[in-house]
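As you go down the protein sequences, you meet chains R and D in turn.
Note that this note's numbering has the first sequence beginning at -5, numbered continuously upward.
Note that this note's numbering has the second sequence beginning at -5, numbered continuously upward.
If you are wondering where the hints come from, they were derived from the structure by calculation, not from laboratory data.
There may be inaccurate statements among the hints.
Note that the list lumps identical chains together, so a pair holds whenever it fits in one copy or between two copies.
Listed next, the in silico SDA-like pairs over lysine to any residue satisfying Cα-Cα at most 20 angstroms (straight line) [said to hold, decoys possible]:
id	residue 1	residue 2
1	Lys147	Ala273
2	Lys79	Asp229
3	Lys147	Glu164
4	Lys294	Ser12
5	Lys254	Gly292
6	Lys254	Leu293
7	Lys254	Ile290
8	Lys158	Ala212
9	Lys241	Ser141
10	Lys254	Arg196
11	Lys4	Leu108
12	Lys4	Gly163
13	Lys57	Asn220
Residues per chain are reported as follows:
There are 2 protein chains.
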Amino acid sequence: MSEAGASGTKIAVIGLGSMGYGIAGSLARRGFQVVGYDVRAETLAQFAREHGTAAATPAAAAKEAQIIVIVVVNSDQTGEALFNKSGVVETAGRGAVVVSCATMAPGRARQLALEVENHGLLYLDAPISGGTQRAAEGALTVLASGSPAAFAKARPVLDAMAAKVYDLGEEPGIGASFKIVNQLLAGVHIAAACEAIALASRLGLDLARVYEVIAASAGNSWMFENRVPHILAGDYAARSAVDIFTKDLGIVADISRSEKFPTPVASSALQMFLMTAAAGMGRDDDASVARLYAMIAGLKLPGVE
Amino acid sequence: MSEAGASGTKIAVIGLGSMGYGIAGSLARRGFQVVGYDVRAETLAQFAREHGTAAATPAAAAKEAQIIVIVVVNSDQTGEALFNKSGVVETAGRGAVVVSCATMAPGRARQLALEVENHGLLYLDAPISGGTQRAAEGALTVLASGSPAAFAKARPVLDAMAAKVYDLGEEPGIGASFKIVNQLLAGVHIAAACEAIALASRLGLDLARVYEVIAASAGNSWMFENRVPHILAGDYAARSAVDIFTKDLGIVADISRSEKFPTPVASSALQMFLMTAAAGMGRDDDASVARLYAMIAGLKLPGVE
Chain R
-5 MSEAGASGTK IAVIGLGSMG YGIAGSLARR GFQVVGYDVR AETLAQFARE HGTAAATPAA
55 AAKEAQIIVI VVVNSDQTGE ALFNKSGVVE TAGRGAVVVS CATMAPGRAR QLALEVENHG
115 LLYLDAPISG GTQRAAEGAL TVLASGSPAA FAKARPVLDA MAAKVYDLGE EPGIGASFKI
175 VNQLLAGVHI AAACEAIALA SRLGLDLARV YEVIAASAGN SWMFENRVPH ILAGDYAARS
235 AVDIFTKDLG IVADISRSEK FPTPVASSAL QMFLMTAAAG MGRDDDASVA RLYAMIAGLK
295 LPGVE
Chain D
-5 MSEAGASGTK IAVIGLGSMG YGIAGSLARR GFQVVGYDVR AETLAQFARE HGTAAATPAA
55 AAKEAQIIVI VVVNSDQTGE ALFNKSGVVE TAGRGAVVVS CATMAPGRAR QLALEVENHG
115 LLYLDAPISG GTQRAAEGAL TVLASGSPAA FAKARPVLDA MAAKVYDLGE EPGIGASFKI
175 VNQLLAGVHI AAACEAIALA SRLGLDLARV YEVIAASAGN SWMFENRVPH ILAGDYAARS
235 AVDIFTKDLG IVADISRSEK FPTPVASSAL QMFLMTAAAG MGRDDDASVA RLYAMIAGLK
295 LPGVE
């Protein structure tokens, strides 16, 4: 949509972390009037200086907003932003759309949708993928499901935050299911990449050459290609943290138990992320799983003591 | 090299299975004089009709050959082709190159190289990647290591069988190590793809849509993109069999123990291939791991009862 078209529309963005801040900035650049909320006062002040208006509570942010984008870490925080005292539902106008971006179990997404709709609002189950940089560029992938009415109303905002919007069905929970399937694979691929690079190091191979050869071979994955450069550079500043995968593979494990469906490969990857978090690297880059193998086996990796 | 340049050179290809047959055909098309050997008389007769000359033993094939390409399943078969009665070393001329393509532990590759060199021959540790179709097209990837003399002599043959030849170092065993790192990843990615697709089925998702979305997302891998279409088509005719990965992840497990280096993610994938083989699908396509999950959990997958 044109910037002129967007300029009248008020959007609330709840949660200005590494993903939410980028989304809010993208929306502001497209001419939306963005009101942001975050629990951290400093982040909120920065947002007000750079992109829009700061609100003191989710309720204040959602007042008069037609679309409320919630970009927090998990379903509990999403529920709190919506339903706690000074939550979104206290002020959001009838017919406003809640765009829920956190990764969560499909059952939880269905439940939140029901509660939100009981307040006269629309709900879009809209997990996002693509990382911090693509969030800032308005080039995310959105894996969304929800009613046609919710889609129609949220469409200009989805188009402004994403390069690709998948409309996966009318039921909330479908978007969450697709995201979980993606995260199962992403988590396993990161853990496998770290295991493979650490083994290559143990075998005395030139790791830069391993990266070059594997990236051009059948052993490649999107995550191998994206994360191994962090290991080669010895740079573990978090683009996406280990704790994201203890959470997301934890959701896979929850679903696995509740559905009585075995996920042994994802389970072994989850244990590696948990070991890495237990060793004090939970907030570091998820490629830190390679450092755990190095620590256990006394390997020298770049930048690792 | 030009066909005229190749036409004088005699090449032995030992092992005319799904990979070796394609390699031998590619070499014949480029003008090499190819003598083939296989334990199966029928395969050998077909090769003689289509591409070259059939030999009754590895020794007969290797007689007067400047280059001997060994494309058998594992290191034991490679050793037998070389050193058993009527083996390659009985007849191969001094300075001929043995190009060893089977996936094996790096230590075993070093040992074979030493024994071959003791017979006055050159040895190239040259595992291959790319599958049956690329073998037939002369478009494999070769992950090779060995002496400059071995490389120089084998180069025209490597160029005729491969789209990409990596020269990874002078020591035999380096090629094997690169291949093992690739196979660790490839095996984990296949098992993870099967686990993810089976979970998606359990969650009631449209599997064709899952394929489309994941292939465009951060959860993608080369193996996901290549193998999931087999599951969607319910087509488990082996392009690459489950037993290849019980073998290759078995080598990873052997190395893991001998190097005292933990590989828990590869280990969980190996167990899934072993379960699939135990359930009678060892010679079927490696995407059959998805059928195992379906069998265990009573899922309906395309083409699965």
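Pop the pair lysine 147 and glutamate 164 into one bin, within, between, both or neither, using alpha-carbon distances up to 20 angstroms.
Intra 14 angstroms, inter 63 angstroms, cutoff 20 angstroms: intra-copy only.
20 angstroms Cα threshold - placement of glycine 292 relative to lysine 254:
The answer is between: 11 angstroms across copies meets 20 angstroms, while 38 angstroms in one copy does not.
Tell me, please, which holds for lysine 254 and isoleucine 290 at an alpha-carbon limit of 20 angstroms: within, between, both or neither?
between (33 angstroms within a copy, 11 angstroms between copies)
As a check of your reading, is lysine 147 near alanine 273 (CA-CA no more than 20 angstroms) within one copy, between copies, both or neither?
neither (45 angstroms within a copy, 51 angstroms between copies)
Are the CA atoms of lysine 254 and leucine 293 at most 20 angstroms apart within a copy, between copies, both, or neither?
Answer is between; shortest inter-copy Cα gap is 12 angstroms, intra-copy 39 angstroms.
Within, between, both or neither: how does the pair lysine 4, leucine 108 come out at a Cα-Cα threshold of 20 angstroms?
Neither. Shortest intra-copy (24 angstroms) and inter-copy (74 angstroms) distances fail the 20 angstroms Cα cut-off.
Tell me, please, which holds for lysine 158 and alanine 212 at an alpha-carbon limit of 20 angstroms: within, between, both or neither?
So lysine 158 and alanine 212 pass the 20 angstroms test across copies only (13 angstroms; inside, 26 angstroms).
Given a CA cutoff of 20 angstroms, do lysine 57 and asparagine 220 count as a within-copy pair, a between-copy pair, both, or neither?
Classified as neither; 40 angstroms inside a copy, 49 angstroms across copies.
For the identical chains here, do lysine 241 and serine 141 meet the 20 angstroms Cα criterion within one copy, between copies, both, or neither?
The answer is neither: 28 angstroms in one copy and 49 angstroms across copies each exceed 20 angstroms.
Between lysine 254 and arginine 196, at a C-alpha cutoff of 20 angstroms, which is it: within one copy, between copies, both, or neither?
Intra 38 angstroms, inter 10 angstroms, cutoff 20 angstroms: inter-copy only.
Homo-oligomer pair classification [glycine 163, lysine 4; C-alpha up to 20 angstroms]:
Classified as neither: same-chain Cα gap 26 angstroms, cross-chain 61 angstroms, threshold 20 angstroms.
Same-copy or cross-copy closeness of lysine 79 to aspartate 229 [CA-CA at most 20 angstroms]
This pair counts as neither: shortest intra-copy Cα distance 41 angstroms, inter-copy 55 angstroms.
In this structure, the earlier hints numbered 1, 2, 4, 9, 11, 12 and 13 are contradicted, and the remaining ones agree with it.
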